[in-house]
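Q: Heads up: the protein sequence lines correspond to chains U and R, in order. Just so we're aligned: the first sequence equals residues 104 to 753 in our numbering. Just so we're aligned: the second sequence equals residues 355 to 532 in our numbering.
Note that these hints are calculated values from the structure, not bench results. Just so it is clear, the structure is predicted and the values come from calculations on it, not from any experiment. Hints are not guaranteed to be accurate.
[To be verified] Cross-link-like lysine-lysine pairs, in silico, BS3-like; alpha carbons within 25 Å at most:
# : chain 1 : residue 1 : chain 2 : residue 2
1 : R       : 499       : U       : 485
2 : R       : 416       : R       : 499
3 : R       : 391       : U       : 485
4 : R       : 378       : U       : 485
[Said to hold, decoys possible] Sample of chain R residues at the chain U side, in silico, Cβ under 10 Å:
#  : residue
5  : 360
6  : 366
7  : 372
8  : 388
9  : 434
10 : 435
11 : 484
We put the beta carbon where it would ideally sit given N, CA and C, even for glycine.
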Amino acid sequence: MIPEIGHFALILALVVALVQGIFPIVGAHKGWASWVAVAKPAARLQFLLLLVAFAALSWAFLQSDFSVRYVAENSNTRLPQIFKFSAVWGAHEGSLLLWALILSAWTATVTLFGRSLSPLMMARVLGVLGLVATGFLAFLIFTSNPFTRLLPAAMEGRDLNPLLQDIGLVMHPPMLYMGYVGFAIPFAFAIAAMLGGRLDAAWARWSRPWTQAAWMFLTLGIALGSWWAYYELGWGGWWFWDPVENASFMPWLAGTALMHSLAVTEKRGAFKAWTVLLAIFTFSLSLLGTFLVRSGVLTSVHAFASDPSRGLFILLFLATVVGSSLALYAARASKVRSHVRFALVSRETALLLNNVILVVTTVSILLGTLYPLIIDALGAGKISVGPPYFNAVFIPLTIPLAILIGLGTVARWKRDSLAHIWAKVRLPFVASLVFGLVFPAVAMAHFTWKAALGMVLAFWVLFTTVRVIRDYARGRGLGGLSLSQWGMALGHIGVAVFIVGITLTSIYSLEEDVRLVPGDHYRMGGYDFLFKGTTHLEGPNYQGTRGEIVITKDGRPVTVLYPEKRNYLTGMPMTEAGIDPGLTRDLFVALGEPLGADGAWAVRIYVKPYVRWIWLGALIMALGGILSLSDKRYRVLARREQRAMAGETA
Amino acid sequence: MKARYLIPLGVFLVIVGFLAVGLKLDPKKVPSPLIGKPAPHFELPTLYDPAEKISPEKLRGKVWLLNVFASWCVSCRAEHRVIGRFVQLGLAPVYGLNYKDAETDAKAWLAQLGNPYEAVIVDREGNTGIDWGVYGVPETFVIDKKGIIRDKIIGPVNDEIVRDRLVPLIRKLNEEQG
Chain U
104 MIPEIGHFAL ILALVVALVQ GIFPIVGAHK GWASWVAVAK PAARLQFLLL
154 LVAFAALSWA FLQSDFSVRY VAENSNTRLP QIFKFSAVWG AHEGSLLLWA
204 LILSAWTATV TLFGRSLSPL MMARVLGVLG LVATGFLAFL IFTSNPFTRL
254 LPAAMEGRDL NPLLQDIGLV MHPPMLYMGY VGFAIPFAFA IAAMLGGRLD
304 AAWARWSRPW TQAAWMFLTL GIALGSWWAY YELGWGGWWF WDPVENASFM
354 PWLAGTALMH SLAVTEKRGA FKAWTVLLAI FTFSLSLLGT FLVRSGVLTS
404 VHAFASDPSR GLFILLFLAT VVGSSLALYA ARASKVRSHV RFALVSRETA
454 LLLNNVILVV TTVSILLGTL YPLIIDALGA GKISVGPPYF NAVFIPLTIP
504 LAILIGLGTV ARWKRDSLAH IWAKVRLPFV ASLVFGLVFP AVAMAHFTWK
554 AALGMVLAFW VLFTTVRVIR DYARGRGLGG LSLSQWGMAL GHIGVAVFIV
604 GITLTSIYSL EEDVRLVPGD HYRMGGYDFL FKGTTHLEGP NYQGTRGEIV
654 ITKDGRPVTV LYPEKRNYLT GMPMTEAGID PGLTRDLFVA LGEPLGADGA
704 WAVRIYVKPY VRWIWLGALI MALGGILSLS DKRYRVLARR EQRAMAGETA
Chain R
355 MKARYLIPLG VFLVIVGFLA VGLKLDPKKV PSPLIGKPAP HFELPTLYDP
405 AEKISPEKLR GKVWLLNVFA SWCVSCRAEH RVIGRFVQLG LAPVYGLNYK
455 DAETDAKAWL AQLGNPYEAV IVDREGNTGI DWGVYGVPET FVIDKKGIIR
505 DKIIGPVNDE IVRDRLVPLI RKLNEEQG
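Please build the complete structure, drawing on both the sequences and the hints.
A: In structure tokens:
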């Protein structure tokens, strides 16, 4: 009965979304106040209905109701409770329901926080979001219904994919979707602004905190996924340039460009048409990501079940949403003039270059991701594009980007001089050269020029950011800095930390596959790994083997690691690596296969310097995002505008 | 309306065109001209006994699989356990074709991960691989009792492929007359 309530709520939500999509937009166009007034209640009702649907599906999982096909395919009575709940979004149907729920949650939040919006603008924004939701809910109900019954009911469920039975993966999809779907908000603002014919600084100011929020979630989502891959897949990698990873990374890059370009549009009124295009581009990439992941047009290590009818639906949806947005853009953008002039040497130029590099990077990754498909579609054969391509395009593009972070933050708006910029960055420049060259020579095992380059860039970003903070704080102290200034600084420091992590891990990691008999020692990177042997392991829905490895350094105990090898009920083997995390290095041990009767095992041992800094950097960036969007300026301005608006209508 | 504002729309429509075509294609499926044709001839030594030579002609009369692998191939590692489980089903023997590999590496690799193969055939130069149209490792061929290639799996075999494709096909082939 409960699943039927959920099913019914889902269908109602589709109807409400359609109403929310049509009435406000038509009403705003024709000036019919009663139609415009539908927007807010419809948006809130849609959220409520999807919440009911989601709760019903969760209930079915927690009760192990195997008469629901989706539950039977992705759960099991022996699955721990927390994973029964997270199994709700463990496969296609449920994750789409989560997608729709998050979209409606964002929309409902706009109705709460968007009080400063004029009623017409609000109606258009909610209308656009309603249309997006309509497409998604139709997709959900007609091709991927999670509430379909199974008759007769299964006695036992097939169990959740063991890869997903992990706390990192419990949080990864919701964070990622918050990011993906969050970019629907700036997209809706951009479309609404074009529909209303008012593309001004106010539009950019409304969009900024929403973009930052979505970007913050996406940053966390990607970092969680990478962290999970690192400790769960058992071979110590943290990024694979897989199509599905690229699908999340492309909106991130475009979203980063959008955040920076929105700043220029808000503060200086420049780049208006470009910013609108970026907002469309970012959300389109989120939709494209969904298409790539869910349609199976590309091969990926993320082996999702693919279904051509689903792919066709998403493609039509993508074509409609993006095609009509770009058509609207073509019609309206030519009327948008930015009457703002800026000199060649100015912060605008730096941010323009930042945008160009980020977009070029995004397009390069898009090209690499779609290239196999394009070649195949042209009948020119089958190829695959791997990490060598992506590393070859990505790394050279990030170098000028890191340099720009320093130059852009110290440059003045509108007009600056090279002499002035040089005066500001002289000290950070020299200091980063010195520290960057000395660091790998002193702190690492051996000196390499690549490591020196990476460290110079990281110190450059750090020192210029510190320099900017000092400038901001002059006369008013550090406490006088606004939250968005802190947000900017942390965002950039996060980049520096991230560069340190990538550089040092990729250059200085040690790894070895060794055959160890209980009692064997293995030395690596100054550490001694003693293999004590293995014991049998009995889990709730798996059996396995647990190894014990004692690690010492210069005779002093460091830690004991217990890597595991699990065999789940589904028959899928899983590796649980033993990791001793540390700020300057991770010790990583994973069990391979048993070798022979003497208790010997293939053991994989890694020493990975500074690998944590990769995720630490992402965390700091996300924190920067939180600070930025909490800046009171957005709320103060919002209130001021509201008052002005009230004055106008009075 | 200026033409340059139409550029994004134009680019997008081209991409949609490719995606639409791509939707009809299966990225995992590479047609092999060899399916339905007799297995190309080879006569190669085995890894553990170089004196023993194996050729497709010798294997006539039974259904067998040829799994192309190499110690340098990362996805072979993932596939290896699946091959091991498939062999335990006892439906058909699997012969390994050790492709462009060093002898010591191959032996160490099999010692570490286990050896599910009926025999490991050594193709050090990769000439047999070329005859068989191997262009990526791993690849797996199914050969029937008459020595005809009946199916080819490109990329790692997983449990799903074993369950939905290999097992039904081999059951059918086992019932055919030799």
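Q: Confirm or reject each hint.
A: These are the hints, each one checked on the structure:
1. 499/R with 485/U: Roughly 31 Å between the alpha carbons, so the hint for residue 499/R and residue 485/U is violated.
2. 416/R with 499/R: 4 Å, holds
3. 391/R with 485/U: 22 Å, holds
4. 378/R with 485/U: With a Cα-Cα distance of about 14 Å, the restraint between residue 378/R and residue 485/U holds, given a limit of 25 Å.
5. 360: Result: holds, 5 Å to nearest chain U Cβ.
6. 366: 6 Å, holds
7. 372: 5 Å, holds
8. 388: Given a least distance of 16 Å, the restraint on residue 388/R is violated.
9. 434: 9 Å, holds
10. 435: Where the cut-off is 10 Å and the nearest Cβ of chain U is about 6 Å from residue 435/R, the hint holds.
11. 484: 17 Å, violated
Violated hints, listed in ascending order, are 1, 8 and 11; each of the other numbered hints is respected by the structure.
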